[in-house]
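**Student:** Let's have the full structure, built from the sequences with the hints guiding it.
So the protein sequences, as listed, match chains X and B.
Each residue of the first sequence is one higher than the last, beginning at 1 in our numbering.
Each residue of the second sequence is one higher than the last, beginning at 1001 in our numbering.
Simulated from the structure, these hints should not be mistaken for laboratory data.
Note that beta-carbon positions come from the ideal geometry of N, C-alpha and C, so glycine has one too.
Treat the hints with caution; some may be incorrect.
[What the hints assert, rightly or not] Here are the in silico distance ranges between beta carbons for each label pair:
id: 1; chain 1: B; residue 1: Leu1291; chain 2: X; residue 2: Ser109; range: 39 to 49 angstroms
id: 2; chain 1: B; residue 1: Gly1243; chain 2: X; residue 2: Asp74; range: 53 to 63 angstroms
id: 3; chain 1: X; residue 1: Thr55; chain 2: B; residue 2: Ser1370; range: 18 to 28 angstroms
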Amino acid sequence: MNEILKLLEEDSRYTVSQIAAMTGKDEQYVRDTVRRCEEEHIINGYTTLVDWDRTSEESVTAFIEVKITPQRDDGYDRIARRIYQYEEVESLYLMSGSFDFSVIVTGKSLKEVSRFVSEKLAPIEGVTSTATHFIMKRYKDKHRAFLVEPEQEERSLFV
Amino acid sequence: MMDYDSLMSENVRALQPSGIRKFFDILDTMKGAISLGIGEPDFTTPWHIREAGVYSLEQGFTKYTSNAGLTRLRSAISQYLKRRFSISYDPSNEIFVTVGGSEAIDLCVRAMINPGDEVIIPVPSFVCYGPLVTMAHGVPVYVETKAENEFRLTPDELRAAVTPRTKLLVLPYPNNPTGGIMELEDLRAIAEVLRDTNIMVLSDEIYAELTYGQHHVSPCNIPELYERTLLVNGFSKAYAMTGWRLGYVCGPAPILKQMLKIHQYGIMSAPTTSQYAAVEALNNGDGDIELMRESYDKRRKLLLTGLRRLGIECFEPRGAFYMFPKIGGFGLSSDEFCTRFLREEQVAIIPGTAFGAGGEGFSRICYASSVENIETALSRLEAFLERLKNQ
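**Tutor:** Here it is in structure tokens:
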């Protein structure tokens, strides 16, 4: 199973027959495994890595540190749910260290993201403070570098 | 007017340019062509290794090293060979660092060969051995290995090639271009043939880390062969470091002492930056090797499945990153097949004949290329075969 997941994480466009060939399993096994992983939420979706900076689309992303009042039992999950339900929230993690949640938010402009933080995120019950860091340039995401590296010229063709 | 041709060494003039070259000359003129021809990892050297090279430059390590190479690099090589392949060499006099495995091969040949000495070379194999033997005034004796033996050298084939002039046996395994390997019992049989002879073995193990389904076995793992083996390896394939030009040779101290003289006069020392990077590769690069091997293995399986689906016969390669499918049976020579495939479908693969006798009817496909390239090449091959059948 993990072998199949690693391949899909590498490129979710791999077809069942490609995955079957690369793992040495039969196609039915691959199909069943993928379906089971989807049902069990091991696979939570298929998406594409887009560098919006190369398009005309205006987009900003912020990384927000959120502190909350100490919680017991499922308190963190409850507050997390209140935060991640917002469309604007791209990712949300519970962190160790000096703050509690790391929230990644996208919007069309600095203003839009700022407004989200002040009007929606900060007032949530239990949130005691936020610190917003805007992402200025995206170099790498999901193991993919966004800068295009130059091709080496004049390679030997003899080997 | 100088007549330059007449000035040249006859040996040099008689050398043929590599048969691989021609295909890239055609390829160069094409747009949108795919090359599965070049025999090189498609990875960039892992960053921590590159960084070690950069760091050595920052520290100003820009001078020659000792002729044999950095002491710490030779120690790291010694530990690496012990750790990965259970082979023991003394870093002080049984290992030295060369400019790629190629220089090491050249030195072995030049140090051992007197005019007329014979060197047994299993083919198909990498293109350098014969010309280097010729340049050393030796005589290459080619032994054709067979697809039905998975391109292993058999004891009978070897026995038939041995003469009183035989000085050296090249064992190019894991093999470029066939992907064939030699296993323990194969090597034991070779040892049996060489027993009571003075024949040395030159074991080119540059692809030792790239084997699939089994660990690489070196002739050095067999006591009777260990004492008569010169082991050549390097960093190009295992760590994707082709451009760093770094290899090494290990073997009996009295032989290495002689070889080192040629290296000293011809080369001085291998590139210093590369040597520092190589120390990092050996000490902290085992994980990189695993990752790259797993990646090649996936593509190996993908290409093999794809070729077989097209009805092309291909023995399962167990080492290196090449496949050597049978492309005879379409009424074309290997050269014609590959040339037409390149011109009509813009995919470069190399005819087996570029790697010596026994290559007719086969071609080398390198799968160190993206999954996308491999898939595109396969679908173009399907179209090409379809057209051949209808002609």
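**Student:** Each hint needs a verdict: does it hold in this structure or not?
**Tutor:** Results of checking the hints against the structure:
With their beta carbons about 40 angstroms apart, leucine 1291 of chain B and serine 109 of chain X fall inside the hinted range of 39 to 49 angstroms. As the Cβ distance of glycine 1243 of chain B to aspartate 74 of chain X is approximately 55 angstroms, the hint placing it in 53 to 63 angstroms holds. One distance hint, 18 to 28 angstroms for the beta-carbon pair threonine 55 of chain X and serine 1370 of chain B, holds here, with the actual separation near 24 angstroms.
Taken one by one, the earlier hints all hold for this structure without exception.
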